[in-house]
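Quick mapping for you: the protein sequence lines, in order, are chains A and B.
Residues in the first sequence are numbered consecutively from 34, following the working numbering.
Residues in the second sequence are numbered consecutively from 53, following the working numbering.
Fair warning: there could be bad hints in the mix.
Calculated cross-link-like contacts (lysine to aspartate or glutamate; reagent style EDC-like; alpha-carbon spacing at most 20 Å) [what the hints assert, rightly or not]:
#1 K240(A) / E60(B)
#2 K196(A) / D255(B)
#3 K140(A) / D255(B)
#4 K266(A) / E60(B)
#5 K247(A) / E60(B)
The set of hints was computed from the structure by calculation and includes no laboratory data.
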Amino acid sequence: MGALTGKYKKGFIIAMAVLITGLLLDAFLPPLARILPVFPSNLMLVLLLLLVIILAGVFIRRHRIYHFLSSGYVAVPAISVFTLLIIFMGVIPQQNTEHAAFLNNIKASWSFYFAGIFLLVILLYSLARRMKKFNRRNVSFVLNHFGIAVILLAGGAGQTDHKQYSMTLKQGEPVWYAFDEKGIMHELDFALEMQTFNLEYHNPLLKITSPEGKTLSLVEISKTSEGKKIVYKQSSLLIEKFIPEASKLGDKYVEFHSMASVAALCFHLLKDNDTVRKSVWVGSGSHMFPEKTIQTEGGIIIRLNPPMPKQYTTIARLYKKDGIAKNLSLSVNDPAEINGWKLYQQSYDESKGKYSDISILSLVKDPWLPAMYFGIFMLLAGVLTLFITDKPKKSQHE
Amino acid sequence: MSNLGLHESLVLTALLVFLPAFVYSLVQYKPTKSFRWSEMLNGLAVLTMACIIIFLWIHFERPPMRSIGETRLWYAFFMPLVGGITYRLWKYRWFLSYSLLMGMVFLFINLLKPEIFVKHLPPALQSAWFVPHVVVYILGYSLLAASAVVSLYYLLKPGKNISMQITERADNLVYSGFTMISLGLIFGALWAKVAWGNYWSWDSKETWALITWLVYLIYIHYRLRGVAKAHARKVMLYLVFAFLIMLLAWMGVKFIPAAQNSVHMYG
Numbered sequence: 034m035g036a037l038t039g040k041y042k043k044g045f046i047i048a049m050a051v052l053i054t055g056l057l058l059d060a061f062l063p064p065l066a067r068i069l070p071v072f073p074s075n076l077m078l079v080l081l082l083l084l085v086i087i088l089a090g091v092f093i094r095r096h097r098i099y100h101f102l103s104s105g106y107v108a109v110p111a112i113s114v115f116t117l118l119i120i121f122m123g124v125i126p127q128q129n130t131e132h133a134a135f136l137n138n139i140k141a142s143w144s145f146y147f148a149g150i151f152l153l154v155i156l157l158y159s160l161a162r163r164m165k166k167f168n169r170r171n172v173s174f175v176l177n178h179f180g181i182a183v184i185l186l187a188g189g190a191g192q193t194d195h196k197q198y199s200m201t202l203k204q205g206e207p208v209w210y211a212f213d214e215k216g217i218m219h220e221l222d223f224a225l226e227m228q229t230f231n232l233e234y235h236n237p238l239l240k241i242t243s244p245e246g247k248t249l250s251l252v253e254i255s256k257t258s259e260g261k262k263i264v265y266k267q268s269s270l271l272i273e274k275f276i277p278e279a280s281k282l283g284d285k286y287v288e289f290h291s292m293a294s295v296a297a298l299c300f301h302l303l304k305d306n307d308t309v310r311k312s313v314w315v316g317s318g319s320h321m322f323p324e325k326t327i328q329t330e331g332g333i334i335i336r337l338n339p340p341m342p343k344q345y346t347t348i349a350r351l352y353k354k355d356g357i358a359k360n361l362s363l364s365v366n367d368p369a370e371i372n373g374w375k376l377y378q379q380s381y382d383e384s385k386g387k388y389s390d391i392s393i394l395s396l397v398k399d400p401w402l403p404a405m406y407f408g409i410f411m412l413l414a415g416v417l418t419l420f421i422t423d424k425p426k427k428s429q430h431e
Numbered sequence: 053m054s055n056l057g058l059h060e061s062l063v064l065t066a067l068l069v070f071l072p073a074f075v076y077s078l079v080q081y082k083p084t085k086s087f088r089w090s091e092m093l094n095g096l097a098v099l100t101m102a103c104i105i106i107f108l109w110i111h112f113e114r115p116p117m118r119s120i121g122e123t124r125l126w127y128a129f130f131m132p133l134v135g136g137i138t139y140r141l142w143k144y145r146w147f148l149s150y151s152l153l154m155g156m157v158f159l160f161i162n163l164l165k166p167e168i169f170v171k172h173l174p175p176a177l178q179s180a181w182f183v184p185h186v187v188v189y190i191l192g193y194s195l196l197a198a199s200a201v202v203s204l205y206y207l208l209k210p211g212k213n214i215s216m217q218i219t220e221r222a223d224n225l226v227y228s229g230f231t232m233i234s235l236g237l238i239f240g241a242l243w244a245k246v247a248w249g250n251y252w253s254w255d256s257k258e259t260w261a262l263i264t265w266l267v268y269l270i271y272i273h274y275r276l277r278g279v280a281k282a283h284a285r286k287v288m289l290y291l292v293f294a295f296l297i298m299l300l301a302w303m304g305v306k307f308i309p310a311a312q313n314s315v316h317m318y319g
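If we strip away everything but chain A, and leave its shape as in the complex, we get (with noise of 0.2 Å):
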């Protein structure tokens, strides 16, 4: 027992010093992702180390630190201190700068790279360990250890070539720069010119909430609505006219196309035994439009939710510099590609809602991206031949 637990205080000494060593240098030095290079020399800088690693491991070979090194009494220790700097991560407030900012910019951090290193020797001597003696029973062990190896290559070399910027597009005007986060403008060797910014709404919903504030009825509107009755409590409505878009006249509402317009609503509040008792209207609100609600005389509030956004689409005109040009279709959760760019809908002026006249859209260019998907794939894998393979441990009384 005692030996036992003196191999992991050796451990958790060495996690220690690497990660104190990290520190060290983060107090004094710009954090270490600022000064890596681009590609391609951080990919050489990769090859580089993975050498030294294996000239190391091969060097070592037949001495007992090699062991230590492949063994859980160095990997649970190097995973905690990895937790540790992520923890940190998780409570204290990051920002990305470019000097010294000791625990405030962990991901580009020394600490964070020396933990991450650290974690890819014992990876990668651990699976030289397992390759050896490799069965059929080592295909999960080595799918999820070499998954997280390559993962981690990928995530910590990648971080100076990964590249996002923000471009707005405007109607009728093509643009062929782009903003980074501190606001410095990038050109690109394409344009991009907005010809349509389509949102798609959501029907609205009708609200009928009791004096206690109890939800009653919650019914989606839309045109298919009108001469629809709905049943609350011991009351009901007949609804007799929709206006998707509107603008209040009066008492009423009239159909009016504008980015001030509102949803509007016509009912005929009913009694038991159905004869017409009253026609009102509400109205979703807008910048223009206070929103118009309805009190029954039972203190029944009857109110109509403007409608949310379910999908929006940029239809916009590329231009290549070789003299292309084409239509190219934007949505949430649909991005297109041009020139190694990965191109995001992201927002659009949110006072303006449909008739936004401008949209704005993320560039993303990740070149390790293929190799990231290589390490989750591979990790991937790994976690689902653990899940088809794996018999839990089992106990005489299951």
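Chain A is fixed; fit chain B onto it per the hints.
This is chain B only, laid out in the frame that chain A set:
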């Protein structure tokens, strides 16, 4: 009938199938031959949910995945399905009851708060990844919660003659729960790439989900060596701690100051 009324009657029908299946799985907790019946009732619950989903699909002429309440129907479909498969694979008897209970909880929420059935999903959540991502996380979280219950039982039970089988049981739960949250993390990353452009953005929810994953990863690597009885209490205490971290990741993130700009906040 209003749309809420239609939904209400479908959910009630489902509950009428889930409830006996759940009760039977509890009654037949002791190993008997008739446990097969429990699996069959569980299968019936899966089938009922499948029918409801297909019916709504045809009725609305669209996949019923547009509102939060509709996605809950998918959870209620997948819970007994994965519960049944997990039972087949690993023979956790209680797991059938557990997944049926979870399925019923989702149905009940739909019944008690009918407005969520029509509450619409924002564009970012409208993705094929939504349901698998959430379902594996729910299953993973429930297995890990069960491991914490087992550890608490070990810690609180008086007397020193506690069987090491209990720690073994906790281990098995952690292994299967960990598999699930690994899948959840991977699905989340693949989805995030499509929706937001980055597979990982160190969003607070992501950071804390990763912390949870790592905390259990440490446990699994520590347990490789096996644990002597003298250390069992510490190990079980660690599992309770890990569960608290998981709870923080699941529900507490919005209270952390570093998490105020999280993209995972949906009303």
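Verification of the supplied hints:
1. K240(A) / E60(B): holds, 17 Å
2. K196(A) / D255(B): With Cα atoms ~17 Å apart, K196(A) and D255(B) stay inside 20 Å; holds.
3. K140(A) / D255(B): Since the Cα atoms of K140(A) and D255(B) sit roughly 12 Å apart, the hinted pair holds (cutoff 20 Å).
4. K266(A) / E60(B): holds, 16 Å
5. K247(A) / E60(B): holds, 17 Å
The structure agrees with every numbered hint stated previously.
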